[in-house]
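Fit chain P with the ligand to the supplied structure of chain B, relying on the hints for placement.
Residue numbers (this note's numbering), protein chains in the order written: chain B, 364 to 534; chain P, 18 to 473.
Don't take every hint at face value.
Unchecked claim - Quick list of simulated restraints, FRET-style, between CB atoms: (1) P:G420 x B:A457: 32 to 38 Å; (2) P:R180 x B:A457: 48 to 54 Å; (3) P:R57 x B:R478: 23 to 29 Å; (4) B:L424 x P:P313: 39 to 45 Å; (5) B:E475 x P:L95: 17 to 23 Å; (6) P:V440 x B:R478: 42 to 48 Å; (7) P:L95 x B:L424: 32 to 38 Å; (8) P:A92 x B:E455: 28 to 34 Å; (9) P:S329 x B:E471: 28 to 34 Å; (10) B:A457 x P:P383: 28 to 34 Å.
In short, the hints are calculated from the structure, not lab data. Just so you know, these numbers come straight off a predicted model, no measurement behind them. All C-beta atoms, glycine included, are put in the ideal place defined by N, C-alpha and C.
Here's the letter readout for the chains.
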Amino acid sequence: MVNEPAGPPAPRGTVVISSVASDAHTWNLVLLQLLLEEMGYHVVNLGPCVPDALLVEECVLRRPTMVVVSSINGHGYTDGLRLAPRLRARPELAATPLVIGGKLDVVEDAAERDRQSAALLEAGFDAVFADAHATDLCRYLRSGDSAGQPSGQSVGRAAPRTVAGAQGTTP
Amino acid sequence: MNGPRRAAVLPGVDFGEFVRGRAAAGTLVVQPRMGFDHPRKMRAGLSATRSAAAVTVGTVTLDSYTRLRDDAALADALARGRPLNGYPIVAHDPAVTAAMLAGLHGPDFPVQVRHGSAVPQDIFEALAALGLNATEGGPVSYCLPYGRTPLEESVRNWTRCVRRFAELREEGAEPHLETFGGCLMGQLCPPGLLVAVSVLEALFFQQHGVRSVSLSYAQQTHAGQDREAVAALRRLCGELLPAGSWHVVVYAYMGLYPVTAHGAHRLLGAAAELAVRSGAERLIVKTVAESRQIPPIEENVAALEFAAAVASRTARDGRSDTEDSETYQEAAALVHAVLGLGPDLGRALVRAFARGYLDVPYCVHPDNRGRTRSRLDGEGRLRWADTGALPLARNGSDRVARGVTSAELHADLHYVRRTFDRVDGERAPLTGGPAPVRAREGLPGGSSKADRTEGL
Ligand code: B12
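Okay, chain B solo, but in the shape it has when bound (with noise of 0.2 Å):
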């Protein structure tokens, strides 16, 4: 279940946008990947309910950009962690900017998004989006930081590399 567009190299890089193993959801994947599309990136989405082992072929066969992973059915906590180290731990992915977002876990809880944000961090990832706007990807993207370097001008009231944000509203 590859949704790749034809047509020539895109100049900005291929982005890898995934779910995790076990969310079926695939409305937020849709969306991201036309937000970055239309902003010059090559986007492969890999669907929903994506193996671990599957995503890390993918990746390692695709060499991306970045990798852009998004869950909502409140696993993506427990599910990220799990597949962070599973990434990193192939050398040709140590570097690859890797970033998570979406509604991460089934508690709704400042201080327990917080605490989740700097583990998943811990585990591998370069920046956390947790109940944030697609378009803080956007944003992310724009500052140069795909590195994962903490970005001054990045929208975020926790952390650095994390954004958390009222979820609902429309950017």
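The following block gives chain P with the ligand in isolation, referenced to the frame of chain B:
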């Protein structure tokens, strides 16, 4: 499969009969979409549903790991006490689940298990072992929107499971299956296709021996169009299913839900009105927490009671189920095109998707051709922007198909949320518990103001 721990079915628990009976007596049956990981909390949720001030049936919704049969992830999450997004019915010892249900599940309070799995063998085994005889799904609707299982494999799995489930009748419990086809993707699937897949899945269930079925239809973006869709669904049921074997269940909106309490209530109120006016027998509610998190028990109870109250103030609108409409024409064309692909419905469904006779907009599953697109028109009706290879005489698209932009898709996905959250006119600020639904606040195209102002 006839293990020693096998529980006897509870005599007299008949989900379909219960719902049809209450509806015939003039009461809409309301039901939550509820699922908690811990048996104690799940029991508390069922108990609260049962004692809510409404005629209710119970729900046990399963977690994602159980749906996907990811035993390792499930065991790990349970061992580390990580919260799950539903009840892990396969992992829990049957005795634990039996105790969770004891004294609650029964003839006056049938419990339905809802999941979303294209590999449901273990789930059906768990149900059989517990004597649970009502569930939900379908070879298409529990496959395409729910993961990467090939459609052919899902059809194979569902064929086997439905046949197995049908055997419960011999053990004294009439098995009941609800189609999820009327909710495909949750949002932005045109009503004609929703109705068609719901009908096809019900026919599939009956082909494999389950007689008692319900057909879902999820509220979409336009009240008038939804009313037409439920009528189309009832007409097709009347034409294709044995009388007395089916009922219709309306779902409150299954897409991006309003974020405000007043928006959530207005949308749920509109769903309850749709259900009663159109003669649907059952309603699945959503709560004010929907846009944010899995709703706590109290929110579920509040939503059930609010919907029941709106329903009790609403009357069937007297429109005939045999009316002709665009939605009926479209759904009938799709159903008959698929039935024409062969006598085995499972195989016909696989063929239909391969040919693009059925093609769900924005669904990225590899067995979906992905050539159709949907959009909202100026009045909020859900339309085809591109009908791909759907066997529709009249091409539903009225503009040249082209790529959709993220802004357009974002706008269409957020239309219902935006419309219902909007604070306009003289509506009083609504905070806290259930609030009145007012006449002109529904979806555009709803029934006239005159028949809505009373009592609400
Ligand atoms: C539609 C829907 C479904 C459809 C999905 C169809 C499909 N193929 O996509 C169906 C009906 C199949 C479904 C199923 C389930 N769902 Co659902 N679903 C929804 C619903 C109503 C809308 C989701 C949606 O379409 N969003 C559209 C996208 C575009 O918007 P978004 O979700 O806000 O995503 C944006 C942001 O999160 C952000 N974002 C997301 N990822 C990333 C990543 C980065 C890097 C960044 C920067 C931003 C970002 O940008 C996105 C785009 O704008 C939500 C509730 C709601 N929001 O109203 C529940 C909801 C997400 N579902 C939920 C659940 C639990 C499930 C189920 C497990 C069933 C259940 N127990 O209730 C199953 C999933 C099974 C599985 N294996 O995962 C819960 C999740 C709870 C939680 N996280 O705590 C929700 C919140 C409902 C609820 N309140 O209980 N669902």
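Comparing the hints with the structure gives:
At about 36 Å, the beta-carbon gap between G420 of chain P and A457 of chain B stays in the expected band of 32 to 38 Å. About 50 Å separates the C-beta atoms of R180 of chain P and A457 of chain B, a value consistent with the hinted range of 48 to 54 Å. Between R57 of chain P and R478 of chain B the beta carbon distance is about 25 Å. The supplied range of 23 to 29 Å therefore holds. Take L424 of chain B and P313 of chain P: their Cβ atoms lie about 44 Å apart, and the range 39 to 45 Å holds.
The beta-carbon spacing between E475 of chain B and L95 of chain P, approximately 19 Å, falls within the hinted interval of 17 to 23 Å. Range check, V440 of chain P to R478 of chain B: about 35 Å between beta-carbon atoms, so the 42 to 48 Å window is missed. Take L95 of chain P and L424 of chain B: their Cβ atoms lie about 34 Å apart, and the range 32 to 38 Å holds. Range check, A92 of chain P to E455 of chain B: Cβ separation about 30 Å, and the 28 to 34 Å hint holds.
Checked against the hint of 28 to 34 Å, the C-beta distance between S329 of chain P and E471 of chain B comes to roughly 32 Å, which is consistent with it. Range check, A457 of chain B to P383 of chain P: Cβ separation about 31 Å, and the 28 to 34 Å hint holds.
Hint 6 from the earlier list is the only one contradicted by this structure; the remaining hints agree with it.
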